[in-house]
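Colleague: Residue numbers (our numbering), protein chains in the order written: chain D, 1 to 358; chain X, 1001 to 1550.
In short, the hints are calculated from the structure, not lab data.
Certain hints may be false.
What the hints assert, rightly or not - Keeping only pairs whose Cα atoms sit at most 30 Å apart, straight-line, the calculated DSS-like set for lysine-lysine is:
1. X/Lys1289 - D/Lys267
2. X/Lys1346 - D/Lys196
3. D/Lys83 - D/Lys71
4. D/Lys335 - X/Lys1036
5. X/Lys1404 - D/Lys335
6. D/Lys71 - D/Lys173
7. X/Lys1289 - X/Lys1209
8. X/Lys1036 - X/Lys1308
9. D/Lys237 - X/Lys1252
10. D/Lys332 - X/Lys1036
11. X/Lys1289 - D/Lys335
12. D/Lys332 - X/Lys1404
13. D/Lys265 - X/Lys1308
14. D/Lys265 - D/Lys173
15. X/Lys1346 - D/Lys267
16. D/Lys332 - X/Lys1419
Stated by the list, open to error - In silico contact screen, one side only, chain D against chain X (beta carbon under 10 Å); selected entries:
17. Arg30
18. Tyr75
19. Ala199
20. Glu263
21. Arg304
22. Gln321
23. Arg331
24. Arg347
Unchecked claim - Chain D residues, not near chain X, derived (Cβ > 10 Å throughout):
25. Glu200
26. Leu211
27. Leu215
28. Ser229
29. Lys237
30. Gln262
31. Met266
32. Glu311
Idealized CB from N, CA, C, for every residue including glycine.
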Amino acid sequence: MIRAALFVCLFLQGQATEAPRAPEVVELLRSGLDDETRNNLDEAITAFRKAADLAPSDAVVFFKLGEAYMKKRDYVSAISPLKRAAELSPDSLPVDQLLGFALLAAGYASDAIPHLEKVQAFDALGIAQLQVGRPGEAVANLQKALEKTPNDPDLLYYLSRASGALSSQSVDKLLSAFPNTARGHQALGQNYFAAKMYAEAANEYQRALALRPDLPGLRLELGQIYAASSVWENAEKEFREESRSQPGSAEAAYRLGDALLQEGKMKEAAEELQRSDQLLPNMPETLYELGKATAVSDPADAERALGRVVELEKDTFLAGQAYLALAAIHRKQGKTSQAAHDMEEYRQIHSVISHLPE
Amino acid sequence: MTRRDLLRLLLSLGLLPHEAKAELESESFFHVGPLKGVNFVLRNSPTSQKRLIETMPGGVALLDYNNDGLLDVFFVNGGLLRDPMRSPFTFDRHDPLYWNRLYRQNRDGTFTDVTEEAGLANAGDANYGMGVAVGDYDNDGFSDIYVTNFGKNVLYHNNGDGTFTDVTAKAGVAAGGWSASAGFLDFDNDGRLDLFVTRYLDWSFQNTKICGAETATYCPPSEFPPATNILYRNRGNGTFEDVSVASGIAAKKGHGLGVAFADYDGDGFVDIFVANDATEQFLFHNNGKGTFTECALDSGVALSENGKKPSGMGVVFQDYDNDGLPDLLITQLPHEPYVVFHNDGKGSFSAQELETGFGLLSGKVSGWGIGLEDIDNDGWKDVFIVQGHVFDNVETYDSSLRYKEPPLLALNRRGHFVKARIGSEVPVAGRGAAFGDVNNDGWLDAVTTSLGERPQLFLNRGGKLHWLTIMLRGKRSNRDGFGARVQVNGQVRFATATGSYLSSNDKRLHFGLGSAQTADIEIQWPSRIRQVLRGIKADQFIEIEESERS
């Protein structure tokens, strides 16, 4: 809205060379502006409306009336005067901007888009495009908006929604156009997985693998399905295959290490997790699992790995877990004061994260 | 020694080839079926209202109530829940369908229903049944029965003539609210059994809720306020004093379901572990002065290995790796492995579910009653768990899960657990489990309960390996010898009937001896008297009376 007000000034300046106004219209405009400044929006609207009756071809008057409605958050009422202003002044960017905002706020996203495109209001444009089912364009425009304000939570929220919608749209297209391809089965498998239908998901991945056994990532995802359903032996097999075909994949090594850990194969798990750490250093999850895998066989290694987790994570849930694991190691070593310190750190983190909304 | 026994022995020594190991593990360990003469059905009365109590019962006890040397069985029933339920909220426990039941074992292995003649038919109309604890609280040589309920709990004194008397009012142990597992212990070593009662949560017909988005189901415990547990001190005159507050037990509120006792730090005083559902677990360290300090977090047993709060349900507090220290094994809900807390000594524990292979056995299943017993008599205690999900419609939430699950047997291979064929793949909504040698053949059996179904007897097929079963008879200590630390050929058991879920085990202490034909026994009684017996012949039941001095 602040940006809109700036445009209003520019708009008024731009209109200064137009035909002179009748004195009573000028008086009503001044009165309306005074009321608007004092936030007496109903009085301002009355004054601007009277001015509009007296000067039905004055774009400025209609713009001010629409703007007063916008300030009052009466977006539906703002649309009509702003549309009239746009008819009278078709090249005015401030009018297009405000009309675009009004239409979007009132739910007319598709009508808002041409006006927002004209003024390149990427934030509102991206939101409007998301609402009319054009997530691809929405993602592009929201990313442009985020370049200017990278930490805007609203924009980040809409970008995540737009990305999800884009992904879903792509999957729908893939499934309808190419249902019997490897990618089609993979996409369907992902849908089943999201619905916790693990047997069906695994079945789709098996079909995908039958068609394209060399497709990178398929076995990784299939392994994750087995992991989610606690069939660790199968998960290990798939992660191992993925690691074999993708020896540079830190994630495949991490997943394999995790599966081995769940199976109690600590030595092998530690080897894979160390390999993952070498491929992609400083991943807290990898280091935490490495700490678990080596806690009994090599407590010094475990301490190092868990120490790196708390350095990287500071006060997250994972850091709390790492302190718990460190405390267990230190207790076992008889280092009671260190264990007490670990538990104190755990409690501090826990007291913070337990107050966060879930 | 049979080929199977030889294989078992070699396996326990780590000397068995892979093929032979597969052969051995393909055999089932139990004959599974109903108890002959038992027509009890655990009636939990599931309703569309998804009242939490209806998915939680019920307990079973193995006890020799008439001292004839044969184990008898006591079952706790749920009650009738109407749909809808109107005040006054009663459960029709006067109807024989909803009675608790006591079955006396006959010499031929059949059972006779003696509920009515024993005076146990009246469970109390306002009581929805949960669990059972057994102990000789008045040291008269006859086992007494304590029944926990949603409502008021009931203490039945064993009159010694085959009948029981409801002494709840006199004893002052009715509690109230929602009690779950309970157990007798002598926390102050005064030679009289005290009583510990877990309480689940503050639920009532007024604050009941239905959870679930599209499909209604039972609410998680976090939807209801937590509750305190109760400790009753035995005054020795047939009455108990509620010392929950004075002892520090009531200082902690949780969602208690399971309870187990052991002296984990060897200070001579029995400690208490409470398995809480989706809350930090509680370890009440006995300070020896009538007070307890809850120390689960600092001892490493409050949270699972990944830092989450376990959905603790059943628990056992015994030594699985034969290092002489009691460890904790806890059953819980799926997608989190069953928990093993290894006792590292000096009062601290570490999670070992991955190293022991125990975690690998769970994952998709939900566990309730649990026993750590030497099923194959090889000298290592094995794990038996009854399973089944809390939600009777869990399949609609997660197609990989099942409401009914078969029970689990995992053999202990020198501290590593390996799944074995139990003898039944029939899925049930398993809940309670009690362990004991039902047919006195030296091989441990189990009796389990399932919601809406008849109980099952898991009768051990047996073998030729050796065993020894010890019945303690305390003199200065409590007569049941609860709290004694008994070591036989290096293995240790902590004398108790408490553990599992809502259930009470045979109080006799069973030891598998492998190929050993004699045993050396060392008993550390709660009175601190140390008693040693050497060269005791294997394959017998032996009663050991507490000596006058060490």
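Colleague: Now tell me if each hint is right for this structure.
Modeller: Against the structure, the hints:
1. X/Lys1289 - D/Lys267: 46 Å, violated
2. X/Lys1346 - D/Lys196: 43 Å, violated
3. D/Lys83 - D/Lys71: 17 Å, holds
4. D/Lys335 - X/Lys1036: The hint is violated at about 56 Å.
5. X/Lys1404 - D/Lys335: Distance ~45 Å between X/Lys1404 and D/Lys335 Cα, so the pair is violated.
6. D/Lys71 - D/Lys173: 42 Å, violated
7. X/Lys1289 - X/Lys1209: 42 Å, violated
8. X/Lys1036 - X/Lys1308: 43 Å, violated
9. D/Lys237 - X/Lys1252: 45 Å, violated
10. D/Lys332 - X/Lys1036: Answer violated: D/Lys332 to X/Lys1036 is near 50 Å, above 30 Å.
11. X/Lys1289 - D/Lys335: Holds - the C-alpha atoms of D/Lys335 and X/Lys1289 are around 28 Å apart, at most 30 Å.
12. D/Lys332 - X/Lys1404: Not satisfied, since the Cα-Cα distance of roughly 39 Å exceeds 30 Å.
13. D/Lys265 - X/Lys1308: 22 Å, holds
14. D/Lys265 - D/Lys173: 42 Å, violated
15. X/Lys1346 - D/Lys267: Given that 30 Å is the threshold and the Cα spacing comes to 27 Å, the pair holds.
16. D/Lys332 - X/Lys1419: 29 Å, holds
17. Arg30: Status violated, d = 58 Å.
18. Tyr75: 33 Å, violated
19. Ala199: With a closest approach of 7 Å, the D/Ala199 hint holds.
20. Glu263: 6 Å, holds
21. Arg304: Constraint on D/Arg304 not satisfied, violated at 18 Å.
22. Gln321: 4 Å, holds
23. Arg331: With a closest approach of 4 Å, the D/Arg331 hint holds.
24. Arg347: This interface hint holds because 8 Å falls under the 10 Å limit.
25. Glu200: 8 Å, violated
26. Leu211: Holds: least Cβ distance 25 Å, greater than 10 Å.
27. Leu215: 25 Å, holds
28. Ser229: Nearest chain X Cβ is 4 Å from D/Ser229, so the label is violated.
29. Lys237: 15 Å, holds
30. Gln262: 7 Å, violated
31. Met266: Since the minimum Cβ distance to chain X is about 7 Å, D/Met266 lies within 10 Å and the statement is violated.
32. Glu311: Fine: 18 Å to the nearest Cβ keeps D/Glu311 off the interface.
Hints 1, 2, 4, 5, 6, 7, 8, 9, 10, 12, 14, 17, 18, 21, 25, 28, 30, 31, counting from the list given before, are not met by this structure.
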